[in-house]
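Under the working numbering, the first residue of the sequence shown carries the number 111, and numbering increases by one thereafter.
Estimated spans, in silico, between C-beta atoms of each pair:
1) 185 x 140: 54 to 64 Å
2) 185 x 137: 48 to 58 Å
3) 158 x 133: 14 to 24 Å
4) 161 x 123: 22 to 32 Å
5) 157 x 129: 17 to 27 Å
6) 143 x 121: 16 to 26 Å
No lab work stands behind these hints: they were computed from the structure. Everything numeric in this text was worked out from a predicted model, so none of it was measured. By construction, the Cβ of each residue, glycine as well, lies at the ideal position given by its N, Cα and C atoms.
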Amino acid sequence: MNRGMMTHMVKTQVYLREEELVALRAAAARSGRSIAELVREAVRRVWLRPENQGPVGLWDGEPNRTSVEHDAIYDDP
Numbered sequence: 111m112n113r114g115m116m117t118h119m120v121k122t123q124v125y126l127r128e129e130e131l132v133a134l135r136a137a138a139a140r141s142g143r144s145i146a147e148l149v150r151e152a153v154r155r156v157w158l159r160p161e162n163q164g165p166v167g168l169w170d171g172e173p174n175r176t177s178v179e180h181d182a183i184y185d186d187p
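Generate the whole structure from the sequences, applying the supplied hints.
Below you can see the structure in the form of structure tokens.
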């Protein structure tokens with residue numbers, strides 16, 4: 111996060127279980143960051159990440175015979 115530029119933020123409250131707050135406080139102390147910063151980062155990583163668009167093709171072109179007729183070629187007669 112760019113610490114040099116302040117962006118507009120809205121104050122909010124959340125209810126956490128005791129163990130969640132203890133874990134957040136420990137993580138904040140270890141990292142030297144605030145609890146608020148850790149929560150914002152978690153929101154960005156979980157909810158604001160780009161959606162997976164599905165599988166990515168590695169090759170262009172028409173499928174070859176083994177791709178289309180896999181069972182007929184490789185199954186026992």
